[in-house]
Amino acid sequence: MQNRIGDLSRRELLKLVGLSIGGTLGGSAAWPLKVRAQSTKVTPRGNVRNVMVIQNCGAMSPPETLDFKETKYTPKDLDIQKVNSDFFISKTLFPNYQKWAPRAALVRSMGENGLVHFPAQYHSQAGRALNPAIVREVPALGSVVAYELESQRQESDTFPTYISLDLWNVNCSQIGSGMLPAKFAGLDLNTTTIFQAFGGAGSDGKDPVLARRWDALSRLSEVSPSGEHPIGSKASEYEAHYQYAYKILQDQRFKKALVMSDEEKLRYMGSSTGRWTGINAPGTCKIGLSLLLARNLLAADAGARFLWVANCHNGGNGCFDNHEWLFSRDRLPLNNGRISIYDSAPIFDRAFSSLVEDLSKMPGHAPGKTLLDETMILVAHEFGRDPEMNSNQGRDHWGKCFTNMWLGGAVKPGRVVGKTDEKCFKVVDNGWKNKEQPMKDHDASTIYSCLGIDYSKKIENTPSGRAYEYQQTAPLGGPAFIPRTDIEDLFI
Amino acid sequence: MRAAKLVLISALGLFLSLIVTAQLPEQGQRRPVQQSDPDFNGVHRELLNPPDKAQDASRLTQAVASALPDAASSGPIPRKNFIDDLVFARMERDHIPHAPLSSDEEFLRRAYLDATGLLPTADRVRSFKTDTDPNKRDKLIDELIGSEEFLDQWAYHWEELLRISSGSVHQWTKQWLKVDRPYNEVFYDLVTPTSKHTGGFPTATSIYDAVSYLSTRCNFWMDPDDYKGLNRLDYIDEVTVDIGRVFLGLSLDCISCHNGAGHADSFNLFLGSKKRTDFWGQAAFLGNLRLVGYTRGAAQGWGGDASFDDLAPGYNTGDDGAYYTPAENRFPRDGQNHEPVFLLTGEKPKPGETARKALGRILPTHIQFSRATVNIIWGHLMEIGFVEPYNGFDLMRLDPKNPPPAPWTLQPNNPELLQALAEDFRDHNFSIQRVIKTIMKSSAYQLSTSFPGQWSDSYAPYYARKLARTLTGPEAVDIVSQATASPLQLGGGRGRGGNASGATYVKQLATPGGGRDIEAFMQAFYQSDRRLPPANVNVSSPVQAMMMMKSPIVTDRVKSEGTTRVANLFKAGKSDDEIIEELFLSSLSRWPTASEVEVAKRLLASDRKTGAEDIQWALLNSVEFIVNH
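Going down the list, the sequences are from chains A and B.
Here this note's numbering is used: position 120 in the first sequence is 120, and no number is missing along the way.
Here this note's numbering is used: position 481 in the second sequence is 1481, and no number is missing along the way.
Simulated from the structure, these hints should not be mistaken for laboratory data.
There may be inaccurate statements among the hints.
[What the hints assert, rightly or not] Straight line, CA to CA, 20 Å or less: simulated EDC-like cross-link-like pairs of lysine to aspartate or glutamate: (1) 1601/B with 222/A; (2) 1437/B with 1085/B; (3) 433/A with 488/A; (4) 99/A with 357/A; (5) 412/A with 86/A; (6) 1129/B with 1143/B; (7) 361/A with 263/A; (8) 361/A with 301/A; (9) 1601/B with 215/A; (10) 1609/B with 215/A; (11) 423/A with 77/A; (12) 1559/B with 215/A.
On a predicted model such as this, the values are computed, not experimentally measured, just so you know.
Same shape as in the complex, but just chain B (with noise of 0.2 Å):
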């Protein structure tokens, strides 16, 4: 027995010093910047981001995988598409070792949630089982990429992205990806509106929303022309950042304050051979960009409908007046006036062209806009992107045929995969909808989360096994509701505006909310208000543990009293095998184990009703409910 305890202790010593091992670089502790030090990309790996995402899924993971069932397929992968031959060759180049294809029940669970953020129904589990169609998996894919479930789930992590909280919006957002529009006129139409609703344009919600800024000048609109109510500047640049962060994938927040040189040069080749001026000629495309608010009686009321037009001065960093333009959070502008000219390109609007409309043409037209866009779709069904973050793409340095100088190295995790994904969006008119299914349909993204033999976090950017995450705010609550057939009561939440009455699920609100309950519950899984970018957070909490067994969300939804699952199941005089397979296949999506069988009758038996609430709530609380995997 002392010998038991030893191997535990020692066990977990080991694996401790696994975790830190694998955490530190290879030449030992870091140490300040030096761009001779072959510990130098380790170092500076992770930009803006202190999460190592990669790390962090490979870590959950391995953590995870140990509870869920074994992968049953041992036979061949088929290299289904491109995305295979990519990932594939780069895995065998390098010899690493990957997982078997997911199972059935693996892939069917995974799928749904990746695409509707819901769970399959138990009878769809079972018709998925028996269906002997060897394309069943694309023919699933392609029933659910498009419909309602998908625009919710989607449309939810867009305005995640773009922090919008609006019901206009909203609906706009989910007929785009309905007809899948191309994303490049869905980039236009952002950048071009003449009318805002609340939260209706990127950053609408955020710090330096042209409404919220009224209160920084202690000042009430009287006049729509009297800018001294609004920071024009400031509002600008914190737009451009906003569009270089999401359609870009830059990060754009410090060469609008300085010169990358001397700054950015020591974790970005790109931004670091940019200037200030530089991102002044982006923000010019919004130069002329002017909002009227409305005004309601004597004073003006912000968080209300606005209109856009271009008959501001251009982006004149001196005095224009009324505009009020000195710099409030930035270091102060050079008084220069500034013409709109491309970051990327150099190129500028043609001669009486819109400047704003310039840029919804011109951006969509570079290749890092289908990179940046690729490479979020990516991160999200395969939970860490070629590059992460997102936002930190260092453009000198993705081309394999043109490598950067030692000792810095190429960026992507597979660069190769990375160009041909996002040409393939660009040749294929920006669909989303192509995107995400060919993603989906590849042997890559239905491999097993289970690994067979000893893992290594360095196979995590290969994606040599279907990397867990945790759920989403919004996933974890409406999971619940729908496990235990609970319908969620919605409509009431405090968001901003634009809440459908009547939604049963949280993620067809325009705004993440529902009621004190269930953003308590959400905030455990990470879920913001969206005044900042999303936290791409990939790491379990006890908070959530402390929510999954305890919040009402929970506990009031596995009673047998009322219109649970469970209390249904014994209105219909279902038997315990019944209950039991039930219970199973609406929560993990897979039939119980004998064992799990034995053990569940015994709960039933002690005290049927109760034992039938508890194993609700054990299933709930489980590894593998709570993860998707």
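In isolation and in its complexed conformation, chain A is listed as follows (with noise of 0.2 Å):
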């Protein structure tokens, strides 16, 4: 664990590190994968460099958000706004949307089989349905972009490609890389500990007292017992490991990334005052927090480019599982999951419109481009809920129909995917082309083809021997058919 090998210079030894990185940090990939597209009907979009995934956990109820609908169970106070003929929005819930819905786009047609919080969380995350036989095999969807970005990595990219915030903290956690090599399977990072933990920087950016332990345990292992010398012809992994570790924490970027200005905080996760705002709120994690850091990794431009939020604030299933006192804040114990739309909704719209108007003026890695330009921007939930409120004024889980929002990239703003009636009930009309639904796993194939990723693709040779379809269409115990194809009608 030292970087003075002979006169080799440490640069020159990160690199030859990282090349055995390639070949060894893998473990569980244990074959060369046969990967090959199954149609030449697929031309990937190619027309995003990043793509960010914000996971509403919970599932936010369409009727009251984002699909309107005027029932009986309308609250009076929701003082409705028109963003365009097609979308219709609460200013009491979204006080920001002029922020963001006007540049959103609404597939509204979802469909979901699984209506329990962990298959359905991990239908998102993967971008199948959960199969308990080859569990263990698939990778998430984040993964398999982290495997197909590989070779556009740049010598300069310390931030794996996938990072995900606070995934610890859902229902569904982190999936992992499956049968892809475990360098794919994602930095998770830990909100409520990331700053304590990994920030301190100096003011070049570097930690000395990092510095000078690594310089201590450089030297304590040169001098290890065994008698050889730790980086020689054996290419450790667990060194390889701790360099790359090393250099991620030293990056000057990724110290920036942990530096937030009050201002900042204050915009994307409101005052102390309020009863669930600001830094202090109760909460094991915080979505204004997270969008804040996301939006960090992205602007520091050194290798992360699919991100994954989840927005699980308080843990349990999600803030948005509203199955009680949906519109009521005073029925709520504290040390509940569950909050009311009245304050879940206003908490993730004050941070989404403000990364939205930031991601809008920050400069992207294209010279006039900005980070909007080249993020896509999907805002997921795992199904939807029951247009019949319960008796306890809630709503329960609901398959039928549910609402995804798509923004920036080359997301055409105001466009509707899908119709449902006039309860919430059902789709009255999907939308695109297909007579089946879209699905979760049509959130997949619309974000590879983004990135330009062939979603045609599957690996053949995997450990089960079922071929592993990068877009699934032959999922056992689902629908009996799934179409090929992304979500096209957002760009169109």
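Dock chain to chain to rebuild the complex, using the hints, since each chain is given by itself in its own frame.
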């Protein structure tokens, strides 16, 4: 663990170690993966550089939010505003809607078979329904992206391609890389600990204490009792991990990503006087903090290109899982994961509007482009909510229809794909050329396509022997067929 | 100098090529399944578990070995028991070289970690080293197995396996481990309860938990008999799959949805011969199971206690009224009623016998129950099981006297030892403690991690050296706190019940928790929340390195203030030599070499307190510390 092998410079050593990282940080894939495209008709769009998925855990209720319906349950104080002829939104719930709603496209005809949080969240993260028989080999969507974009990484890229924020706190936490090499598993950052754990930079972005200890570790490693050089003819996997980790920790861009001004915190998280707002608000993770960090990770332009942000305020199934007291702020106990839509929606709105606004102003990777030009955002939900409210003034799970929102990149603002009936009970128009409803599998194919990945690819030599399709078309136990397509209507 | 660069580049390239080559099947690149393919078994070796545990363990061991002390022992290796007879005989037969015995320090640290998840204290290292009793290793094992720390460690293993997060079940598990209750009786109790605390039944926190399943039906229970709130047969199927996984080593997921023919027969002869109706017959042992939830006023509250009885109308996949039988995440069933039939033998309950009790009675009598159990334990202690993954048994490929047809090969890496260990377990009252002791007392377990000569990944299934493993999440946290003499302040984690107040080690908790710093730390070591079966991953990662370098779990405990080990050493007025020795013994369970002392003294000389902190930090971040070897 040292940087003084012969006269090799540290840079050269890291470069060599980097080569071995590619081969030895595997562990999952013990064979060359046999990947081939199935169709010549799929032409990936390749129209974005980055993708961010914001997972609104618990499932935000569509009739009050992204697919507003005036029903007998609708409160009188929602202050409904018109975004366009197909999009009406509550200003009470989304006070800053004007900063993001006009840019958004909606898919209102989404369908989901799994009505339990865990498998539904798994479906989002894996881009396919849960199949327990092969669960261990299925990679996360982000891992596939990282695998595919590996060849595009620059020498200066320190951050992993795939980073998630607070997936640890979600019902279905990090899936991992499955059969893909472990290096593509993604880095899950815990926003409740990362600042304290990995912050602490000097004026040059370096951590002097870490640097000093690294030197101590190097010196002791040099005289390890084996008598052999720690990094010699046997490139050590552990040594490589430590080198890589040290590189990230001492990267100025990483340090900078963890620095947030008071003004930024206020914009994203609100003041400390509100019940659920501010840096000191109760709850184990906060969407404002997460989106601010996500913004910084993208702005660092240090290799992260696929971010997964879990909005799971207070943990559990997620703050939107309103089986009880959807509209009542007073009935929910403080330690319950769920909070009223009057709280959860504005919290999300504040953070999300700040993110969109900032990304629209910050320079992107390419000259003349902003980060919002280069980043496609998906606000994803696991399913919908029952159009009929239950005896506890809440809405239970509903799979017939729900809404996902897309924004940024090449997404056409104002597009609305699909239509539901007057109660959000069912889909009356799928909104695209296929007779089947769009599913989360199509979220995956759309993401792949926009990143330039051929979603018709499949891996044939999987451990189970079942071919792994990037976009699944014939799942076990689900619908008979899922059309192989992205949601092209978002871009035309 | 250029030559040195070229040598290094070449060596790295050679190593890389060796890794890639070792990963490639002998006949070249993998291709779709062909039963006549000579590489058939290589392609299908990994059932449902992409990571090759033998290769992972082998690579990890080889990677860390260069940083580990050499084994001190070079004498002949005694054959301590039948395990050694069968392990070494196999190596001799196939001309596989093996490592020497471990040194006392190496053995001591390993035994402590495996048995208790903790390190030996510095004083224990000293006393063990100076102990001249030729039986000291066996006596140590007898001392550790059955200790309170052993109970915590192995209760953790079982709760990971069973996916249980319950304080009451945690205590129950510790008790049966403590008294070494016959494991067949443990199984009986698990499948025949009449009450349930939160998380107290196998798969209780799984996605198919009866309580959690309420949300799928969008209803609240008003009536305990109204099973509209529960898809009973899906729940039963999930429990049956879990029983198969843990207690039979079989992955029944496949045949819970469809016949094995045309699906599972490409990788498992036994499962390929089974039908979905066979699975239903197995599931039907729970067919009368009824879960009666509690009501909280007008609404059902989930996550609470419940009662079980056997008054449901059996595994009737047709219309059973309020029980809502249509399959949710499986293909539709056949609409028929199915009677309980044991999957492996066709045995049925006796007349008048409650089906669940029949299951509790019948299943452990089959030798596969014992095989599956000892395989799990062997895998914990030896890093790779006889069969991997633990739930990937192919019952038609286990018997050397009745081998499968070519090109299939025998599945276990040592079928004779698997059978012998299973029979020994069965014949000695299904004693878990005995299995653990027998394994740990063997010379096979006590081989060194260091390996003289050229290692090959192909040696790993022979157990030719002790394979290294990454620590579990709780182990990593606990030994950091132990090595630094800085106990954890536990009791405030987000675990789902039953966390003991006043606990100082994570493994004392019913649910691995302890607050966000601890949980974030453990996640880097693959600690899950038990909603899925344990990952059983033996791979290091940069995230682990980041945590060890920067997490407050570590950085707060290396400080020279407060009551840390470093601080206490200064308060006690220890000399440089004493400080260095104590830190090495407490962290690495060995004495520092002369060279290490020299380097450490230089660090202390520059700034004594900072130097001591840095030494402590460096020891915690050494390969020796964060790997069990």
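The hints, checked one at a time:
1. Of the supplied pair hints, the one linking residue 1601/B and residue 222/A holds, its CA atoms being roughly 15 Å apart against a limit of 20 Å.
2. The hinted pair formed by residue 1437/B and residue 1085/B meets the criterion: a straight-line CA distance of about 16 Å does not exceed 20 Å.
3. At most 20 Å may separate the alpha-carbon atoms for a hinted pair to count; residue 433/A and residue 488/A meet this at roughly 10 Å.
4. Simply put, residue 99/A and residue 357/A have alpha-carbon atoms about 7 Å apart, close enough for the 20 Å limit, and the pair holds.
5. Between the alpha carbons of residue 412/A and residue 86/A the distance comes to roughly 14 Å, so the proposed pair stays at or under 20 Å and holds.
6. At most 20 Å may separate the alpha-carbon atoms for a hinted pair to count; residue 1129/B and residue 1143/B meet this at roughly 16 Å.
7. With a C-alpha separation of about 16 Å, the suggested pairing of residue 361/A with residue 263/A holds against the 20 Å cut-off.
8. Restraint check for residue 361/A and residue 301/A: the C-alpha separation of about 15 Å stays at or below 20 Å, so the hint holds.
9. A distance of roughly 14 Å separates the Cα atoms of residue 1601/B and residue 215/A; the hinted pair therefore holds under the 20 Å criterion.
10. The hinted pair formed by residue 1609/B and residue 215/A meets the criterion: a straight-line CA distance of about 16 Å does not exceed 20 Å.
11. A hinted pair counts as satisfied when its Cα atoms are at most 20 Å apart, and residue 423/A with residue 77/A qualifies at roughly 19 Å.
12. For the given pair, residue 1559/B sits about 17 Å from residue 215/A by alpha-carbon distance, which is consistent with the 20 Å threshold.
Going through the hint list in order, the structure satisfies each hint without exception.
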